[in-house]
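There are 2 protein chains.
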Amino acid sequence: MALYFVTGNRGKFREVSEMAKKYGLVLEQSEIPYIEIQAEDLKEVAKVGVQQAFAMLKRPCFVEDSGLYIHSLGGFPGPYSKYVYLTIGNEGILKLMSGFSHRGAEFRCSVGYCEKADEPVVFEGKVMGRISTELRGSGGFGFDPIFIPEEGDGRTFAEMSVEEKNALSHRGRAIEEFFRWYVIHRRERSGE
Amino acid sequence: MALYFVTGNRGKFREVSEMAKKYGLVLEQSEIPYIEIQAEDLKEVAKVGVQQAFAMLKRPCFVEDSGLYIHSLGGFPGPYSKYVYLTIGNEGILKLMSGFSHRGAEFRCSVGYCEKADEPVVFEGKVMGRISTELRGSGGFGFDPIFIPEEGDGRTFAEMSVEEKNALSHRGRAIEEFFRWYVIHRRERSGE
Numbered sequence: 003m004a005l006y007f008v009t010g011n012r013g014k015f016r017e018v019s020e021m022a023k024k025y026g027l028v029l030e031q032s033e034i035p036y037i038e039i040q041a042e043d044l045k046e047v048a049k050v051g052v053q054q055a056f057a058m059l060k061r062p063c064f065v066e067d068s069g070l071y072i073h074s075l076g077g078f079p080g081p082y083s084k085y086v087y088l089t090i091g092n093e094g095i096l097k098l099m100s101g102f103s104h105r106g107a108e109f110r111c112s113v114g115y116c117e118k119a120d121e122p123v124v125f126e127g128k129v130m131g132r133i134s135t136e137l138r139g140s141g142g143f144g145f146d147p148i149f150i151p152e153e154g155d156g157r158t159f160a161e162m163s164v165e166e167k168n169a170l171s172h173r174g175r176a177i178e179e180f181f182r183w184y185v186i187h188r189r190e191r192s193g194e
Numbered sequence: 003m004a005l006y007f008v009t010g011n012r013g014k015f016r017e018v019s020e021m022a023k024k025y026g027l028v029l030e031q032s033e034i035p036y037i038e039i040q041a042e043d044l045k046e047v048a049k050v051g052v053q054q055a056f057a058m059l060k061r062p063c064f065v066e067d068s069g070l071y072i073h074s075l076g077g078f079p080g081p082y083s084k085y086v087y088l089t090i091g092n093e094g095i096l097k098l099m100s101g102f103s104h105r106g107a108e109f110r111c112s113v114g115y116c117e118k119a120d121e122p123v124v125f126e127g128k129v130m131g132r133i134s135t136e137l138r139g140s141g142g143f144g145f146d147p148i149f150i151p152e153e154g155d156g157r158t159f160a161e162m163s164v165e166e167k168n169a170l171s172h173r174g175r176a177i178e179e180f181f182r183w184y185v186i187h188r189r190e191r192s193g194e
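Sequences listed follow chains A and B, in order.
Quick note on this note's numbering: the first sequence kicks off at 3 and runs consecutively.
Quick note on this note's numbering: the second sequence kicks off at 3 and runs consecutively.
By construction, these hints were calculated from the structure, which means they are not laboratory data.
If you're wondering where the values come from, they're calculated on a predicted model, not measured in any experiment.
Check each hint, because a few of them may be wrong.
Heads up, the list lumps identical chains together, so a pair's fine if it works in one copy or across two of them.
Okay, derived cross-link-like pairs now, DSBU-like style, lysine-lysine, Cα gap no bigger than 30 Å in a straight line [as the list claims (entries may be wrong)]: (1) K24 - K97; (2) K97 - K128; (3) K97 - K23; (4) K84 - K23; (5) K60 - K45; (6) K23 - K45; (7) K97 - K84; (8) K118 - K128; (9) K118 - K97; (10) K60 - K97; (11) K128 - K45; (12) K14 - K60; (13) K84 - K45.
Isolated chain A (complex conformation) (with noise of 0.2 Å):
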C-alpha cells in the first residue's frame, strides 16, 4: 500500500523522497491540507495533524514539522518557522542576532504517522548548531543559508547537497528513524 508524505512543501518531499530510496519505498505527495495547532510541542503540532491527515485521506500517511530554536531568543520562532520564514525570513532572523555573541540554535523535527484512527506514532529528530552572521548557499529551503550545524565542517545546511544535509538534518534523523520503524512494522503487520 502507497505511503502518503501529506506536505505542501516540495523541498520537503524531495529531502525525505531521496531517503525513502534507501528502504525501497516509493512515497506519494498529498497537499491535503490539515490543521496546526498552536503549541510549542512540535510532538504535538505532528500528532493532531496527522490525525487530521489521516480522517480526510484515509490512506497511511505521515506528516512532519520543523522548527529552529535560537537559544539567545527563548527559541524564537520554534513552531512557528514556517510563518516567521515567509514574513521577515532570514534577514529578520539576522537583525534579531546583531548584538548576541552567543548563537548558538537548534533544529526539531517531528513526524507523526497514522494508519489507524486515534493511534498516531510520533518520531523525533534534532541537530545542534548556530546562526552564521550572513545568509549562505542556495541549496536547501527555509532558514538553511544560515545554519551551521556543529557536526558539519563550517559550510551552512544551503551549502550542502541534498545527502549532506540528510545525513546531519533534524528531519534526516526523524524520518530515518521512521522508516527503519515502518519497515519493519510493515514486515510485522503483513505477517511475513
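Following the hints, put chain B in place on chain A, whose structure we already have.
Leaving out everything else, chain B in the frame of chain A:
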C-alpha cells in the same frame, strides 16, 4: 446566566470587565485551556477556539484573539503575537523595524462567542497606527508600549488609561460590538 470570558490573560480580563459594566454585564473568568489553531485569519482562530472552550465549559462563553500586524514586515507577528511577545518581545520588534521608514501597523481583534455547539458567532475590531521608535508607558500589556494609534494624540497604548485605550483599541471595538449584540440577543432569547 453568567457570561464566561475564557482567557489566561489577566490584563485582558481587566480591560474587558471594565467595558462590561456599561452594559450591566458581570463576567466570570475561566482559564480552561482551549486549542488555538495556526491560521493567518484571527476569525478562524476565535471560531474554532470558542467551540472548543464551549465543548469543555458547557456555559455561554467567549474568547478573544488579537494580533499586531506590521505592514513592512509582511504582517508579522500577526496571529502569533503572543508567542513573539514572549520570545523576542518589544525590543525584538524595534530591532526588526530598524532601517524601515514606513512604520505603519494595525492591531486586529476577533471575539468568538458560543452558547450552542456548532453555532459560534464572531465579532471583529481593528485600529490603525504606527510602531514607536522606543518603548513608552507602563499601562496595558504586550505590544502596547510600542503602538501609537492613529486617532490618538501621539501617546502609545501603554501611556493611556484603561478607558482611553478601550475607546480606541481593536479589542475595545470588537468587544463593544459583541456586548451590544449580546444584550439584544439575550433579551430576545428570554422572550422579553
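Here's how the hints hold up against the structure:
no., hint, result
1, K24 - K97, "neither (40 Å within a copy, 45 Å between copies)"
2, K97 - K128, "both (25 Å within a copy, 29 Å between copies)"
3, K97 - K23, "neither (39 Å within a copy, 45 Å between copies)"
4, K84 - K23, "within (27 Å within a copy, 41 Å between copies)"
5, K60 - K45, "both (21 Å within a copy, 29 Å between copies)"
6, K23 - K45, "within (25 Å within a copy, 42 Å between copies)"
7, K97 - K84, "both (18 Å within a copy, 20 Å between copies)"
8, K118 - K128, "within (27 Å within a copy, 43 Å between copies)"
9, K118 - K97, "neither (45 Å within a copy, 47 Å between copies)"
10, K60 - K97, "neither (44 Å within a copy, 46 Å between copies)"
11, K128 - K45, "within (12 Å within a copy, 34 Å between copies)"
12, K14 - K60, "within (22 Å within a copy, 42 Å between copies)"
13, K84 - K45, "both (16 Å within a copy, 20 Å between copies)"
Violation of the numbered hints given earlier is confined to hints 1, 3, 9 and 10; the remaining hints are satisfied by the structure.
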